[in-house]
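J.: For reference, the chains in residue letters:
2 protein chains.
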Amino acid sequence: MLFSNIIILDENLSVREGMYVGIKGNKIDYVGKEVPKEDYGEIYEGKGRLLMSGFFNSHAHTPMTLMRGYGENMALQSWLNDRIFPFEDKLMGDDVYFATLLGIAESLRYGIVSTTDMYYFCDRMAEAVLESGVKNNLGRGLTSFTDAELWDLQAYRESKYLFEQYNNKGGGRLKVDMSLHAEYTSNPKIVRQFSEFTKELGTRMHVHISETTDEHRDCKERHGKTPVAYFNDLGLLDSKTTAAHCVFVEGEDFDILAEKGVTVATCPVSNLKLASGVCNVPLLLKRQIPVAIGTDSVSSNNSLNYIEEMKFFSLVHKARYEDPTLITPKQTLYAATRAGALGQDRTDTGKLAVGFRADLIVLDISGPNMHPVHDLLNNVVYAASGSDVVLTMVDGRVLYRDGEFKTIDLEKVQYEVEKSRVRIIGEL
Amino acid sequence: MLFSNIIILDENLSVREGMYVGIKGNKIDYVGKEVPKEDYGEIYEGKGRLLMSGFFNSHAHTPMTLMRGYGENMALQSWLNDRIFPFEDKLMGDDVYFATLLGIAESLRYGIVSTTDMYYFCDRMAEAVLESGVKNNLGRGLTSFTDAELWDLQAYRESKYLFEQYNNKGGGRLKVDMSLHAEYTSNPKIVRQFSEFTKELGTRMHVHISETTDEHRDCKERHGKTPVAYFNDLGLLDSKTTAAHCVFVEGEDFDILAEKGVTVATCPVSNLKLASGVCNVPLLLKRQIPVAIGTDSVSSNNSLNYIEEMKFFSLVHKARYEDPTLITPKQTLYAATRAGALGQDRTDTGKLAVGFRADLIVLDISGPNMHPVHDLLNNVVYAASGSDVVLTMVDGRVLYRDGEFKTIDLEKVQYEVEKSRVRIIGEL
Numbered sequence: 455m456l457f458s459n460i461i462i463l464d465e466n467l468s469v470r471e472g473m474y475v476g477i478k479g480n481k482i483d484y485v486g487k488e489v490p491k492e493d494y495g496e497i498y499e500g501k502g503r504l505l506m507s508g509f510f511n512s513h514a515h516t517p518m519t520l521m522r523g524y525g526e527n528m529a530l531q532s533w534l535n536d537r538i539f540p541f542e543d544k545l546m547g548d549d550v551y552f553a554t555l556l557g558i559a560e561s562l563r564y565g566i567v568s569t570t571d572m573y574y575f576c577d578r579m580a581e582a583v584l585e586s587g588v589k590n591n592l593g594r595g596l597t598s599f600t601d602a603e604l605w606d607l608q609a610y611r612e613s614k615y616l617f618e619q620y621n622n623k624g625g626g627r628l629k630v631d632m633s634l635h636a637e638y639t640s641n642p643k644i645v646r647q648f649s650e651f652t653k654e655l656g657t658r659m660h661v662h663i664s665e666t667t668d669e670h671r672d673c674k675e676r677h678g679k680t681p682v683a684y685f686n687d688l689g690l691l692d693s694k695t696t697a698a699h700c701v702f703v704e705g706e707d708f709d710i711l712a713e714k715g716v717t718v719a720t721c722p723v724s725n726l727k728l729a730s731g732v733c734n735v736p737l738l739l740k741r742q743i744p745v746a747i748g749t750d751s752v753s754s755n756n757s758l759n760y761i762e763e764m765k766f767f768s769l770v771h772k773a774r775y776e777d778p779t780l781i782t783p784k785q786t787l788y789a790a791t792r793a794g795a796l797g798q799d800r801t802d803t804g805k806l807a808v809g810f811r812a813d814l815i816v817l818d819i820s821g822p823n824m825h826p827v828h829d830l831l832n833n834v835v836y837a838a839s840g841s842d843v844v845l846t847m848v849d850g851r852v853l854y855r856d857g858e859f860k861t862i863d864l865e866k867v868q869y870e871v872e873k874s875r876v877r878i879i880g881e882l
Numbered sequence: 455m456l457f458s459n460i461i462i463l464d465e466n467l468s469v470r471e472g473m474y475v476g477i478k479g480n481k482i483d484y485v486g487k488e489v490p491k492e493d494y495g496e497i498y499e500g501k502g503r504l505l506m507s508g509f510f511n512s513h514a515h516t517p518m519t520l521m522r523g524y525g526e527n528m529a530l531q532s533w534l535n536d537r538i539f540p541f542e543d544k545l546m547g548d549d550v551y552f553a554t555l556l557g558i559a560e561s562l563r564y565g566i567v568s569t570t571d572m573y574y575f576c577d578r579m580a581e582a583v584l585e586s587g588v589k590n591n592l593g594r595g596l597t598s599f600t601d602a603e604l605w606d607l608q609a610y611r612e613s614k615y616l617f618e619q620y621n622n623k624g625g626g627r628l629k630v631d632m633s634l635h636a637e638y639t640s641n642p643k644i645v646r647q648f649s650e651f652t653k654e655l656g657t658r659m660h661v662h663i664s665e666t667t668d669e670h671r672d673c674k675e676r677h678g679k680t681p682v683a684y685f686n687d688l689g690l691l692d693s694k695t696t697a698a699h700c701v702f703v704e705g706e707d708f709d710i711l712a713e714k715g716v717t718v719a720t721c722p723v724s725n726l727k728l729a730s731g732v733c734n735v736p737l738l739l740k741r742q743i744p745v746a747i748g749t750d751s752v753s754s755n756n757s758l759n760y761i762e763e764m765k766f767f768s769l770v771h772k773a774r775y776e777d778p779t780l781i782t783p784k785q786t787l788y789a790a791t792r793a794g795a796l797g798q799d800r801t802d803t804g805k806l807a808v809g810f811r812a813d814l815i816v817l818d819i820s821g822p823n824m825h826p827v828h829d830l831l832n833n834v835v836y837a838a839s840g841s842d843v844v845l846t847m848v849d850g851r852v853l854y855r856d857g858e859f860k861t862i863d864l865e866k867v868q869y870e871v872e873k874s875r876v877r878i879i880g881e882l
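Chains as they are written, first to last, in my numbering: chain A, 455 to 882; chain B, 455 to 882.
No wet-lab data here; the hints were simulated from the structure. Keep in mind that the hints are not guaranteed to be accurate.
One copy or two, either will do: identical chains are not told apart, so a pair holds if it fits within one copy or between any two.
List of simulated lysine-lysine pairs, PhoX-like, C-alpha gap at most 20 angstroms [claimed, not checked]:
hint, residue 1, residue 2
1, K544, K805
2, K873, K501
3, K740, K784
4, K866, K501
5, K623, K714
6, K478, K740
7, K614, K784
8, K679, K714
9, K487, K501
10, K653, K694
11, K478, K805
As the structure is a computational prediction, the values presented were derived from the model and not from experiment.
All chains should be modelled from the sequences, with the hints used to inform the complete structure.
T.: Quick look at the structure:
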């Protein structure tokens, strides 16, 4: 495909007008002001359109689309104990498969090209990822409430199987991470053993850290240190790590996160909705700690509207730290694209430049909400609507365009998800 | 028009499926489970669609669409003094006219049927409102920095002229309110005189109150009382009043607001973006003070995406007051519709019921973001996207449908707005 006479956000997130971008195979082959000599096939007319890197969702539990809007406006523990856990207890493989496809469809509609996911029934999630053409860093969330050894845990065996079967499948689209659920759902022995195992595999770690004030305080009471320090002392952060939330990190946590190069996946909408708090992104950025953006699950969001998530990301820190100069649109877009890609060990994507993977989106910028244009970056972050995304391409393949999903039978998926929902609600 | 076999949010904001809604003239003539006998003309097929009241934008400065994205990430005073005020100084009537039309187009795209507006060049705004078919409560923002009498102020003369020429024009679509800009841009004499004048006219008052901590504190230093108490003592709140922002209202302010029945127009996005703070909506609601939702201007938002605004409204209070049970979807939708209508003295609209004005919108609820449906209200507030609005009708007339504006030549408007932008930037 040749994107013709289109505005782009280039590799420095600078706006360049009247550009030509040629895609060959799964890569960006040409970026320039001149019409390229090579024939790239279909010509995409760029008038009133913006071409840029797709978005990277750095923390999600995609199958929880099935629980969208189920159990709302409840206190966290009663929401989990009375709604989410009993519902999850009824899940079967097909439920997870179709719910994942539904989440992938929504992701594509909103310009998400790759997601860092933590859940279970991961073989069925892998299937959905591979079939649909998106990218995913998939992890089987590991918990342990007994004094069992790591290798006796079902979640360990599944993680290992998942890695052996699926890591780097789909031409590298699917990566398998190890996922420790959290400090309060495991114990030091398991953390140490799982850290060792992850280092041996040489893959990434994905973990919830300091999402709620209770979790953070309880960890300090239990172990005499913060979750970040606790995990660091047990070797967890020796593997490249994505730490979701980090709302309550404090003091030396920032030193550790910086030293270990941990990617913090902040989830502003979910953190507001569950009344958890606001992650100190300005300080993380000041300390040059990589910050990426996650939607968290649809049960606590309740959408995968990434442009909306970027707006929340941009605004909550201004308010929380009483400074409207905090978090520029460029910082937001970097977190949404390149920082997200690097936080998935995808060094070959997350920016629009020759030689990089063609993980790209097109925004329709012709609508009334995108005019006038004093500064296009301001408009993209503060004024665009999620569904201004009109094309989503992964590895050079168009997966979504103008309301149509090329690899997903949305009607069937929605039918199956509704069937799962009705069955499970009936069983509860 | 007959909406056929459609899901509706009825007058109690309850979901009812398989409904028929007939529109005759500017009113809702029929709501029922049965196909009506009467012929309502065009049949609108309701499959996968939700029909509900349109949204009421309770605080805006529509012509500031012209400054969208101009001067971002700046401290409030330097943003105003170095960007907004110099830009506004260059405005001419045509600039305001076309910028208002652009804002109206964006409003219609996002399902806003009526707006409470404060600005100047209001005759040109009135023109745009009357031509485009929307509803508006229009006020000429009045300020005074001298010891002049009210009747010597240009803004007074314009307010009076506006009321005499335009109040209740367009079959009542256009209402003219009086608008005092704020405490810090006027003085007690002017407030007293303007309060008297507004009472004589019998129209509404629209005023900014306690938007920033500086404004609130300075007022207390100057007058020994909060802005709410100050305005109340000077008689301003004796007219039906819309008070925008109210971020810092405290103590007896709540008693006064409750006693006077003041509609608080909270603007969550703008308040976050300018780092002002979060209005205490849970307490306002507990005190049964009417709460409606405003976008504020596009310069501080930067969109009129009302569904996005509802999501911010729903979430910020959960986070601010650390309680995820605060602000239910029904409370949000009531604030967005009926409370907004009442805050514009439009008792005949803001809900879907027989005899009420047909100020209605249709949401496409067939997308992946709106499935599954555990509770449709949760999905509308937490998961819908602004542009899921596919039809906006005002007084029974379809003004927006599937991307098309029936009364606005969007291409010409965008061309003219861009021309204004270039001219003004050139003059600065």
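J.: Since the copies are identical, ignore which copy is meant and state whether K679 and K714 lie within 20 angstroms (CA to CA) inside a copy, between copies, both or neither.
T.: Only inside one copy: K679 and K714 sit 17 angstroms apart there, 53 angstroms across copies, limit 20 angstroms.
J.: Measure nothing new, just compare the shortest in-copy and cross-copy C-alpha distances for K866 and K501 to 20 angstroms and report within, between, both or neither.
T.: Between copies only: 16 angstroms across chains, 34 angstroms inside a chain, cut-off 20 angstroms.
J.: I want to check one pair: K614 and K784. Are their C-alpha atoms no more than 20 angstroms apart within a copy, between two copies, both, or neither?
T.: For K614 and K784, the Cα distance exceeds 20 angstroms both inside one copy (39 angstroms) and across copies (46 angstroms).
J.: I want to check one pair: K478 and K740. Are their C-alpha atoms no more than 20 angstroms apart within a copy, between two copies, both, or neither?
T.: neither (38 angstroms within a copy, 60 angstroms between copies)
J.: Is it within a copy, between copies, both, or neither that the alpha carbon of K740 lies no farther than 20 angstroms from that of K784?
T.: within (15 angstroms within a copy, 40 angstroms between copies)
J.: Check K544 against K805 for me: Cα-Cα at most 20 angstroms, and say if that holds within a copy, between copies, both or neither.
T.: neither (41 angstroms within a copy, 39 angstroms between copies)
J.: Could you figure out if K487 and K501 sit no more than 20 angstroms apart (CA to CA) within one copy, between two copies, both or neither?
T.: Cα proximity of K487 and K501: one copy only (15 angstroms, versus 46 angstroms across).
J.: Between the shortest in-copy and the shortest cross-copy C-alpha distance, which are at most 20 angstroms for K478 and K805: within, between, both, or neither?
T.: within (16 angstroms within a copy, 54 angstroms between copies)
J.: Between copies, within a copy, both or neither: which fits K623 and K714 at Cα up to 20 angstroms?
T.: neither (28 angstroms within a copy, 66 angstroms between copies)
J.: Between the shortest in-copy and the shortest cross-copy C-alpha distance, which are at most 20 angstroms for K653 and K694: within, between, both, or neither?
T.: within (9 angstroms within a copy, 67 angstroms between copies)
J.: Under a CA distance limit of 20 angstroms, which applies to K873 and K501: within one copy, between copies, both, or neither?
T.: Answer is between: at 19 angstroms across copies they meet the 20 angstroms cutoff, but 42 angstroms inside does not.
Hints 1, 5, 6, 7 from the list above are not met by this structure, while the remaining hints are.
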